[in-house]
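Visitor: Model the placement of chains A, E, C, Y, R, H and Z on the given structure of chain W, informed by the hints.
Chains W, A, E, C, Y, R, H and Z are the protein sequences, given in the same order. Quick note on the working numbering: the first sequence kicks off at 1 and runs consecutively. Quick note on the working numbering: the second sequence kicks off at 1 and runs consecutively. Quick note on the working numbering: the third sequence kicks off at 1 and runs consecutively. Quick note on the working numbering: the fourth sequence kicks off at 1 and runs consecutively. Quick note on the working numbering: the fifth sequence kicks off at 1 and runs consecutively. Quick note on the working numbering: the sixth sequence kicks off at 1 and runs consecutively. Quick note on the working numbering: the seventh sequence kicks off at 1 and runs consecutively. Quick note on the working numbering: the eighth sequence kicks off at 1 and runs consecutively.
Rather than coming from a laboratory, the hints here were simulated on the basis of the structure. Cβ coordinates follow ideal geometry from the N, Cα and C atoms, glycine included. A couple of the hints might just be wrong.
[Claimed, not checked] Derived CB-CB ranges, DEER-like:
id: 1; chain 1: C; residue 1: THR43; chain 2: Y; residue 2: PRO51; range: 38 to 44 Å
id: 2; chain 1: C; residue 1: SER27; chain 2: R; residue 2: ASN32; range: 43 to 49 Å
id: 3; chain 1: Z; residue 1: LEU55; chain 2: E; residue 2: LEU130; range: 40 to 46 Å
id: 4; chain 1: R; residue 1: ASN32; chain 2: Y; residue 2: GLU23; range: 44 to 50 Å
id: 5; chain 1: Z; residue 1: PRO58; chain 2: H; residue 2: LEU84; range: 32 to 38 Å
id: 6; chain 1: Z; residue 1: GLU69; chain 2: H; residue 2: SER86; range: 29 to 35 Å
[As the list claims (entries may be wrong)] As a list, the in silico EDC-like pairs of lysine to aspartate or glutamate whose alpha-carbon atoms are at most 16 Å apart:
id: 7; chain 1: H; residue 1: LYS102; chain 2: Z; residue 2: ASP29
id: 8; chain 1: C; residue 1: LYS102; chain 2: W; residue 2: ASP29
id: 9; chain 1: Y; residue 1: LYS8; chain 2: A; residue 2: ASP29
id: 10; chain 1: Y; residue 1: LYS102; chain 2: R; residue 2: GLU28
id: 11; chain 1: Z; residue 1: LYS102; chain 2: C; residue 2: ASP29
id: 12; chain 1: W; residue 1: LYS8; chain 2: C; residue 2: ASP29
id: 13; chain 1: W; residue 1: LYS102; chain 2: W; residue 2: ASP114
id: 14; chain 1: E; residue 1: LYS102; chain 2: A; residue 2: ASP131
id: 15; chain 1: H; residue 1: LYS132; chain 2: Z; residue 2: ASP29
id: 16; chain 1: C; residue 1: LYS102; chain 2: W; residue 2: GLU28
Number of protein chains: 8
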Amino acid sequence: MSNFVWDKNRQSRTAVAEAVFCENKNSEDLCNIIEFNVKNNTTVLLTRLAPTQRLALPEALGQQLDYDESSQTAILNYTPHTQLHSGICIVTAGTSDMQVAKEAQRTLVFNGFDSPIYADLGVAGLWRLLDKIDDIRRHKIIIALAGMEGALFSVLAGLVSAPVIAVPTSVGYGVSTGGKTALDSALASCSPGILTVNIDNGFGAANAAIKIMKQFVIDNHLS
Amino acid sequence: MSNFVWDKNRQSRTAVAEAVFCENKNSEDLCNIIEFNVKNNTTVLLTRLAPTQRLALPEALGQQLDYDESSQTAILNYTPHTQLHSGICIVTAGTSDMQVAKEAQRTLVFNGFDSPIYADLGVAGLWRLLDKIDDIRRHKIIIALAGMEGALFSVLAGLVSAPVIAVPTSVGYGVSTGGKTALDSALASCSPGILTVNIDNGFGAANAAIKIMKQFVIDNHLS
Amino acid sequence: MSNFVWDKNRQSRTAVAEAVFCENKNSEDLCNIIEFNVKNNTTVLLTRLAPTQRLALPEALGQQLDYDESSQTAILNYTPHTQLHSGICIVTAGTSDMQVAKEAQRTLVFNGFDSPIYADLGVAGLWRLLDKIDDIRRHKIIIALAGMEGALFSVLAGLVSAPVIAVPTSVGYGVSTGGKTALDSALASCSPGILTVNIDNGFGAANAAIKIMKQFVIDNHLS
Amino acid sequence: MSNFVWDKNRQSRTAVAEAVFCENKNSEDLCNIIEFNVKNNTTVLLTRLAPTQRLALPEALGQQLDYDESSQTAILNYTPHTQLHSGICIVTAGTSDMQVAKEAQRTLVFNGFDSPIYADLGVAGLWRLLDKIDDIRRHKIIIALAGMEGALFSVLAGLVSAPVIAVPTSVGYGVSTGGKTALDSALASCSPGILTVNIDNGFGAANAAIKIMKQFVIDNHLS
Amino acid sequence: MSNFVWDKNRQSRTAVAEAVFCENKNSEDLCNIIEFNVKNNTTVLLTRLAPTQRLALPEALGQQLDYDESSQTAILNYTPHTQLHSGICIVTAGTSDMQVAKEAQRTLVFNGFDSPIYADLGVAGLWRLLDKIDDIRRHKIIIALAGMEGALFSVLAGLVSAPVIAVPTSVGYGVSTGGKTALDSALASCSPGILTVNIDNGFGAANAAIKIMKQFVIDNHLS
Amino acid sequence: MSNFVWDKNRQSRTAVAEAVFCENKNSEDLCNIIEFNVKNNTTVLLTRLAPTQRLALPEALGQQLDYDESSQTAILNYTPHTQLHSGICIVTAGTSDMQVAKEAQRTLVFNGFDSPIYADLGVAGLWRLLDKIDDIRRHKIIIALAGMEGALFSVLAGLVSAPVIAVPTSVGYGVSTGGKTALDSALASCSPGILTVNIDNGFGAANAAIKIMKQFVIDNHLS
Amino acid sequence: MSNFVWDKNRQSRTAVAEAVFCENKNSEDLCNIIEFNVKNNTTVLLTRLAPTQRLALPEALGQQLDYDESSQTAILNYTPHTQLHSGICIVTAGTSDMQVAKEAQRTLVFNGFDSPIYADLGVAGLWRLLDKIDDIRRHKIIIALAGMEGALFSVLAGLVSAPVIAVPTSVGYGVSTGGKTALDSALASCSPGILTVNIDNGFGAANAAIKIMKQFVIDNHLS
Amino acid sequence: MSNFVWDKNRQSRTAVAEAVFCENKNSEDLCNIIEFNVKNNTTVLLTRLAPTQRLALPEALGQQLDYDESSQTAILNYTPHTQLHSGICIVTAGTSDMQVAKEAQRTLVFNGFDSPIYADLGVAGLWRLLDKIDDIRRHKIIIALAGMEGALFSVLAGLVSAPVIAVPTSVGYGVSTGGKTALDSALASCSPGILTVNIDNGFGAANAAIKIMKQFVIDNHLS
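Bound-form chain W, shown alone:
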């Protein structure tokens, strides 16, 4: 029996197509999944594909992937969208949050959405966030990333009317090792209405934003 079952109708059922989370997969399983999708000519997003995993693929397969190291994502059979939808933006607290931010951004692009990144707006220097707040307010959904103590989530959500999707990142040391402190800050925020996803889950935040946009904004022939 095969090790995987492709969920080909996931997009019509849940608004976002199946993607391949590569972190726990060995080379053999990755090959099988990629070959299956090559054969079926499916457009597929692969996330958390480490450079070493990419290099371990047979050259012929690897070259079919459009690999982006800064986000550790790859796309198979990619045809760029002719036009990207706007309305979503990404805000990060620090430089170290960029890999996760880019995972979110590439997931959005793959699904037809543009998303500017407003980087390094952590609250230690509040003016950085206030400087950009008018630009940020122009978006309908805000994906915010922060590690350490995650104070950005509360401050930002108190300043905007758009829903804020918080992505805690595993940036920090001591008590914030692993991202738990930022996660709990998002969940326990004094600013009501913050929505949270798992630590470092840029892909999940993008999926949620896409699901919201497709409910309200996007006509059916897009997806």
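Guide: Same frame as chain W, now just chains A, E, C, Y, R, H and Z:
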């Protein structure tokens, strides 16, 4: 100096008005806050107001509150909306999740939104959820509540295209005491795009849903 | 043998006199300690003295205490200072932090320091803090209290040059139950130089502020 | 004195023979144990034998092992069973659970039991499980593996009358790192009667299944 | 809409009928559920029904329940089985485990199974277990209960060929408060093949035992 | 079957007789155990017997107990030793540790050992410990109790050659709630050779001290 | 858009200039930040710059850094202060705390403060601390570092009138792995007034000390 | 200033001489400490000296060490004792506990004590322990090592009158990763009087045993 500062422009700034979280407040502080809003003729929602706290208020103040014990919420200066907006529904895994579900529902009504509750659809009897799934699918945002192991979140999110806001509840014993297992299940779900709020935070889930609806659906004169 | 040993030279050794932490003590031990200090005519601060503990004392002893319920503190043999030193202020995120704030304030008064409380300045409504920031900046040491996610610590410390002593409070529910999230936020803050004490430890924060002030500002005959 | 004592009557006493858990053992101890069993001509299963540990063995010893890298198990003195008993099956939530699934499967084969693996049936695409549920229902014991949030355990147990042995796997990141979320989901499941073993313990799940089968189905001369 | 949906075909689907877990339910919900089953003449087991909950029921409803305080269970519309099946026994480490043991025993009786309790066989006095081990060995499934450090699970499982279902109990203090130490001991046991359920989950252990027995021993007309 | 099995040869086997830990036991079980020992005329120690449990016993049984509220212990059929052995002392960090200290002391007296308590020697006022250190050094075994941060264990163990048995106590708040911080301090101490028992386990510390004394000092006819 | 926003007015606002925390940054981001500051001729402190990160920088950039491996810090555009302010000292419990101690010391030097290190004064040999206590007492602020059980914090704070800033270090194994035990000891100390920073946060402790000194001692033209 | 202060009178003060814990020390600090002791001709024990640390020492220094890889210990200036004292033995649950057992054994030999190791007596095969129990009972102090669930501690302590010093080991996976489950089992044991040290702390257990022996058995000229 006074013990509180009322955030009167919160609604215009963040799409949802300030509410009073009563759980950690003593009688004196509750009285001051209610009296302030009586004087200013503000419409206010109070959450987590235990029956004992309600009874401890001076009779004259208490009678000005429209108190609902099943959701432990009260409203001051309430004028019911003539028409409620639809598009949001609430799904619960078990009977024990009802108080939190009703906190969400009353927050939504207070803000002008109708939200049917589909109760007791936990996955131990999968047919219960499948029986109602077509009704649930007609909504644009789904608030889902579950305690214990929170498996409902993943199953539901795999069946619908609407965004799912998960509210883990503190229902359970042993390893699930306090709601941590349900929370982690929502965050770690294999169904991508689930959005999570704090344990038992029906109010927060409703706020997030309102913020989304106001971005996309509601014209400005509503709020 | 007696159950306690009075550390009478603690003030000369450590800058702050011994106080009695009452939370874990039974009536018999409290009586013995108070009687000992009555006999020795010592001025003593008692903290975390619950109203029920106060009432359980023999009337004769109880009446010798200057008891303040809002801070759950009592003072034996108190002679008010003719003049209080300024330079320390207290900032709270919410109304529910007031009991701990008042424990800090009364400890400061007992030691000869005035400390205004700037209450309810949590970052959900950032304008509340910004409104008061010029007043706050006039102080040499800032004691800040916050429960829930403790974002106030980071924002405040990024706006002032005075050292910030963070007191996480056990205000919150779900993941923030017990104050652990606010504590970890203070410790992991992106704003460098925040100093932290134990959860709900208003007394400890006041002690630290006093030790700093006595090093730098206060002449020897004060203490 | 020797570093180990072989429990040679474990099979007659507990229904399953002693096996060698290799994870924490150094080369010297592994050699001693294998040599002892070579000398005594015992048939032995070795689990968690990493490829590097296998390679570090002296060539002569290593070649006596029937090593299977996909399950990280080895068998010494193996004579395949002429016929395998049926009645047990294995269900996995995702591709990444396969190594643990194969540890269970090889333990079963070693003890005379066949066990088909139904792979990648996680509930994000519920149809995958429902597609196979009739096949799964034909078995008397079901071993289920899932990482992340482990929702598969609850859904599966609500659909079948056979006992479900849950093996949480250390597949996941953020809050599910290490397998704790899947474990707690199995223990706190709303579907009553789920039985759980330690995280990644495919060997233990197989042992339990074997003990049940031997109680009820298997005649004595098998083992 | 009603707060509950009765899963009436659960027994045919999963081998054990739906039961009512009362711990988190208020009086109103309990009444509705009992009345529904009175009306439908269903035989139902209620677990974790505290004496105070039982007393809060309307007298007419309460009297229809066969309530047993020692196990905190009640049965509605109970007709005792004319003959009970044997094969399952219960072993406890200490006297304090009895309430959970009785929850398991009553669940078994309700489903037609006899189960002697071998009480107070904790390993501090190993002779107590060894004295009874021959009796215990005569059973096909063993449910074992232990709090504190849960060493009984490992010792027992090393002495018998029957499968052992471990029920960790919340008996203990300090590091074992809440039953977590006993739970982890069961999961991490050096004796392979132990199966575990949630802390204090006597009902779940009984359900698992019943599912096994029905697979192998019981003919269809029983249930 | 009875709910308990008395381990009557525990003293000859393990040097200390069986005692009754009352914390998790209901009235019926306590009565049965006491009656059994009244009938057999056994001398028995009962620990963690709360005043309410004592009062709930039938008057006739209760009066047979020599109950001491300060240590929450009772003794049945007690004949005081004509002479107590010396060599063990007890040191406490604070007044709040006294109940646990007295549990240890009464366990020692019951077994024939005298043990002075040196109370309130916590390291905040180091002179208190140094004042008594010569007296403490005269003992062969030191039982030390501390809550909060448990620094006493390390300081004391660095000053004496006798073995130190650390009893962490559940005295403290915030991060030290429940005694975990004091426990970890004892285990992680920079002073080598500290021996630790469970939180609040004065009985266990006394048992360990007795076992050591009986190995080395006490002739056989004592026990 | 750039990945970082330089907070150039942080020193005037918060008394300490922005520094670069390098631990989570990749080579590209480090280069961009250094180049930006080279171009602007800013004097900058870099912390947690591992030797491997230093080596990975382009040679031209790397040579502009004054790198110190023992503290893993680097300084760009450094002009040594002609005179250092005194008043701060550093005390360590063990040799293994030196890297963190040196991070604090170099941060202080960078900001114009001298700080002698009193090393290896852990309380297992109390005389070592008492030997140096008179020297330590001559300082106005004490930064104390300890791993394992962190008992040094309590003992030291009980002996001096200067404020103690505790830096728990991740030195230890078993229960003290990661520094959590030392952190909780500092927070739960029986010596009132200890101030705590995150585990291994020598930089933060130095920042706090600098903020205090600048409030009280240093005239404005220094910084 | 030097990075270390040698505690040369530790043996006379605490019965056991200072040893060097090498795990967190860099090469430079190790060299300084060894050179200091070479110069002073001190006999010193070094523990947790990894083979890589040993190899990184300058050859001249390294050769002065009597290094034993199986226990990762080294001795400087060692003169073997002409006769070793008996009375202490070591019991291990599994082969994987041997390194820690040997750390304890070498610490004992270094201090003049012989200690046979009874290996691999885990309770999964209870006969292994019962086979050796008479030999074990001949010792006055028993050091017991176990990882996983640590059931050996309880069973052993229930069978012997000698004090049992439990050393939990970091052997195990899933819930027992890191040794926490074995530690909590020792602390929460139903067998009273077990004494516990930190996880993997063979050195500490040996120190405690030595301190006991020196109190009772050994005349002064030994040490």
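Visitor: All hints, please: hold or fail.
Guide: Hint check:
1. C:THR43 <-> Y:PRO51: 38 to 44 Å: violated, 56 Å
2. C:SER27 <-> R:ASN32: 43 to 49 Å: violated, 56 Å
3. Z:LEU55 <-> E:LEU130: 40 to 46 Å: The hinted range 40 to 46 Å is violated for LEU55 of chain Z and LEU130 of chain E, with Cβ atoms some 59 Å apart.
4. R:ASN32 <-> Y:GLU23: 44 to 50 Å: About 28 Å separates the Cβ atoms of ASN32 of chain R and GLU23 of chain Y, which means 44 to 50 Å is violated.
5. Z:PRO58 <-> H:LEU84: 32 to 38 Å: For PRO58 of chain Z and LEU84 of chain H the Cβ distance comes to about 35 Å; the hint holds.
6. Z:GLU69 <-> H:SER86: 29 to 35 Å: For SER86 of chain H against GLU69 of chain Z, whose Cβ atoms are near 48 Å apart, the range 29 to 35 Å is violated.
7. H:LYS102 <-> Z:ASP29: Status holds; Cα separation ~14 Å.
8. C:LYS102 <-> W:ASP29: Satisfied, since the Cα-Cα distance of roughly 14 Å is no more than 16 Å.
9. Y:LYS8 <-> A:ASP29: violated, 50 Å
10. Y:LYS102 <-> R:GLU28: holds, 15 Å
11. Z:LYS102 <-> C:ASP29: Holds, at about 14 Å.
12. W:LYS8 <-> C:ASP29: Violated - the C-alpha atoms of ASP29 of chain C and LYS8 of chain W are around 50 Å apart, more than 16 Å.
13. W:LYS102 <-> W:ASP114: holds, 12 Å
14. E:LYS102 <-> A:ASP131: violated, 56 Å
15. H:LYS132 <-> Z:ASP29: Distance ~21 Å between LYS132 of chain H and ASP29 of chain Z Cα, so the pair is violated.
16. C:LYS102 <-> W:GLU28: Cα-Cα ~15 Å, so holds.
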